[in-house]
Amino acid sequence: MIQPLTEEKGYTLTPGSEGLIETQTLEVSIGPQHPSTHGVFRMDCTLDGETVIALKPVMGYLHRNHEQLAERMVWLGSMPYTDRLDYFNSMTNNWAYALAVEKLTGIKVPERADYIRVIMSELTRLLNHTCVIGFMLQDLGAWGTPLLYAFRERERILDLFEAVSGSRMMCNYMRFGGVRVNMTEDDLAVAKDIVTRYPRFLDEFEKLLTSNEVLLMRTQRVGILPKELAINASITGPMARASGVEYDVRKVDNYGVYGRFDFRIPVGDVGDVYDRYYIRVLEMRESIKILQQALRDIPQGPYIAPEVKLRNFKIPPGDGYGRIEAPKGELGFYLVADETGKQPYRYHVRPPSFVNLTTLEDMCLGLKVADVVIILGSIDIVLGEVDR
Amino acid sequence: MRSWFANAPDSILLWVSIAVPILFIVSVFPGIFAYTTLVERKALGRIQNRLGPNRVGRWGILQPIADGLKLLTKEDIVPRRADAFVHFLAPVLAVIPSVLLFAVVPIGLGLVPVDLNIGILFAFAISTASVLALFMGGWASRNKFSLLGAMRAVAQVVSYEVPMVLSAVAVVMAVGSLSTLAIAKAQSGGFLNVTRWFVFRPWGLVGFVLFTIGAMAESARTPFDIPEAESEIIAGYHTEYSGFKFALFQLGEYLASIAMAGITVTMFLGGYNGPGSGPGIFGGLISMFWFFLKLACMIVLNIWIRGTWPRVRVDQLMGFAWKLLLPMAIVNIIGVGFWHYITIRPLAWVVTTLWLVIWFMVLTKLAATENVAPRTYRYAS
Amino acid sequence: MGFIGKGLLEGMVVTARNFVGSYFDKERMVTVQYPEERVQVPENSRTFPFLVFDDDKNPVDTMRCVACKICEVECPPQCIYIVMDRDEKGKPQQRPKVFDIDISVCMQCQICVEVCPFDAIKMDNDYEKSQYGRFNELVEHLPDLLKSNEYYNKIKPREASGVDAKLKADKEKKAKKAAPAASKPAAAPAPKPASATARITIPDDAPFTPEQREWLGKFLVTATPAAGAAAPAGEASAAQLAAPATGEAPAGNWPWHDPGMGIQQRLELAKNKPLADLLMAAMAQTDCHACGYDCRGYADAIAAGSEADLSLCLPGEAETENMLKKLMEGAGK
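Chains as they are written, first to last, in our numbering: chain A, 366 to 753; chain B, 96 to 476; chain C, 59 to 391.
The set of hints was computed from the structure by calculation and includes no laboratory data.
Please read these numbers as outputs of a predicted model, since none were measured by experiment.
It is possible that part of the hints are untrue.
Stated by the list, open to error - Below, simulated BS3-like cross-link-like pairs (lysine-lysine); rule was C-alpha separation at most 27 Å, straight line: (1) C:K226 - A:K707; (2) C:K234 - C:K205; (3) A:K674 - C:K226; (4) A:K421 - A:K473; (5) C:K384 - A:K679; (6) A:K679 - C:K383; (7) A:K674 - C:K232; (8) A:K468 - A:K616; (9) A:K572 - B:K460.
The shape of chain A in the complex, shown without the other chains:
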């Protein structure tokens, strides 16, 4: 009579075998050195065959003390450091910080500066979303083709950023009360050109991908994030909208001049990887609409509030939280100014990638190893933000 094994004795049972087969679980550490963990990020997976039983994300390999560095610098000095938080989208990081400081001090931003900020932010959203899709497909195994198409379009936008702000990725462009330099008519023409050819690129991209059966098989019904879990875990951004949460900081806060533009928010129902991928494609189309309207309506005028000083900039004591809809989610800066007013007393970043990562385990349980990589790709993390 074979005694069935029980879990009390410490064996791992193969499901469905009624205790007659003992298997061993495999503990694998995916990362930190790995081609597709989007940076130095480690996941301690416990695998039963190919199925994931437990998954523990380990972060912190890219911790650079950003928040403490800001405490020893003046307010303007941490602006270049915010570029390096989410190093993919530097313009939106700058804007979030500038918005937080403007909330603390009540500086009024001129209209043209707001329009320029919106244009830059939406261009950033475009380049982020294409590259996320490209990276996700790279993880899926398409050897670089969608990724390189995405990068081809990204290069155009980066060239525009270089012409306007001086640097392709670390732009350091926003200042408190406006932007650093004005956008000339040439730059606006280049932006219009980019926006005009983008829909054609998107159509080609979609033809390559959206009805590809292999992609559909791999991404649908994989990594489902239920709506309640998304709300409880304070997931924001395209990930939340794919799960059905109708929340977009642009529509809720109406910061900048977003209130003047006519755009819609796509919302998904299932919350799997395919939803997150397709929501991003739809968001890109909406961004193109916003850009067309902004480029059409941009007024002349000053590009920075004249009362703002570059040096010896002081903020009265108080605290405030400024947030924007970064391409990855809600990016917020919590700033506390004390009596001296020249340096932050406390400077905290609420990174969207970090908060979105907390649900990784819940989404991956019961799926295969290959799915873990795709789910991580669809959450869209950047380690600079996660670890700051």
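The hints should help you fit chains B and C onto chain A, whose structure is shown.
Below, chains B and C without anything else, positioned relative to chain A:
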């Protein structure tokens, strides 16, 4: 010259007849492998809007030589806890079946190194032996990722053997012989030596598709490159190999894919047949030309698919093989039966085509466990 | 009619179109084969800072930097190191002796350019800066950093022409202000360096004995540099003489003379001192001569009444100006 050959003793002739094909295979096909890697890199580059390698020699012609030299001079790292003997043997074992496969591929009229009358059987038996090498490589490395890769490789190769062999059975049934030379000969004749190719028959087209999918899975090419899926398990079973052992793994994989392409060409695309191929020296040279042209087309198809499609997941892979390809292969065999026994040609065409199409639609409906379809989305109010 | 595999075949069509297009269409072959071809960088592109000088024949004397150390203070990763050039007596020259930028630390944020009041430091767009060493080779010293205004105009024509126009306008404004001032009696506000080339003369109605006058004359000749130095005439120089040699004492006499100190701290240290000391403590302590004097000289000039303009301290900006106003009102002047 001819008199020397006619008057030489048998033993010399035997040695010559063994040495010449071996020299030919060993010199030509690794050369094709080397330049296939270059063509693949440049073609993938052009698909991705960039140039491929073009620094080493004009158009990168010397790139394979540079790669070979680099790999030869690299340090050979063996992990300390690895099983050294098996670790050493695995790459060697990966190459041997791939080279042996060329023994039964006819590259021209009557030009096959060994005319086995069980040629196709030999080919499949040998190609399955390469999976042992993959598993040895993964196991001996004492690396969890390599082990995962090795297990996946075994599962994949074994499960794709079955539909592949069954679709080859259809061709064997039509020809009546297992010898590759006979299969190629059976496709000669017809208008321009083209219309009798098996790919132009309904059962042949289905068989061709099934066999190509099976061949891609056998040699672990995208979309079935799971054993070496870079983004998930770094490099699978050849993670811990460096230097020339890695080169041998690549050699084995590419040679297997070229050889399988050669067998596909022989079985479905008419082998060496084409306009102008026939007996005689001139006809023989033309037949060689047609064979290599078709081989190149198959290789280009492989590269094109690699540049476009993402990779399938392991359980989906198995599901695809067992639930769709295998029943389709069996249906195909029955289709060949219909074709053979219905002697009125037009009726045979209609019946066979209908049979295959109906079963295809039924099987895709049954096999689709997940409802995958593009969706529409709503917008927030 | 969608059969299984249709999406896959559509994908292959896209790939094939890109493949064929890469031979004919410029957009589908985007490789720039560096180093034979280079991408033309736009005008605004920035890599590392450099210092601008105006005259090719004399770069060191005509460089715009006056070593006010504002960029050193404002640099976020603290990659600039400046030491002011002083002559043998310790008087600060208006230029840096040492100006090091560690380009392995510099994060190209351009804040140093934005805060420089003299348009002296600008951003280069040369990105080919690889070196073979890891440490000292990546520190750029003053000779490497000095580049001419022509170079600046070449790489950034629009920006450089704007800077040139502004500097010219500033110079004209200063000259206009100096011209009516020069016509006033010697007790007028001090002429600026550019216009002061006259030798110092002691006015006849000055209350000196002949021996004192002789000593003074000799002293003035030896203590002030040759023609071209900033030697304000008249009472201003007398006020300067009240302090030891040309207005510079060993730093120990002025504990607040540290540009890194905040203004409150400086005023604390100068509490209960005479007005001139308080005024000096209110300034930015960089001895940059933006006002036309060094810090001590400006304070003395204001205290003596020869300088009425309280907004000349460029590094100190509005903070210093407001403090000076307050101090002057408090002193009842």
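Hint by hint, here is what the structure shows:
1. C:K226 - A:K707: 34 Å, violated
2. C:K234 - C:K205: 30 Å, violated
3. A:K674 - C:K226: 24 Å, holds
4. A:K421 - A:K473: 45 Å, violated
5. C:K384 - A:K679: 20 Å, holds
6. A:K679 - C:K383: 20 Å, holds
7. A:K674 - C:K232: Answer holds: K674 (chain A) to K232 (chain C) is near 24 Å, not above 27 Å.
8. A:K468 - A:K616: Answer holds: K468 (chain A) to K616 (chain A) is near 18 Å, not above 27 Å.
9. A:K572 - B:K460: 24 Å, holds
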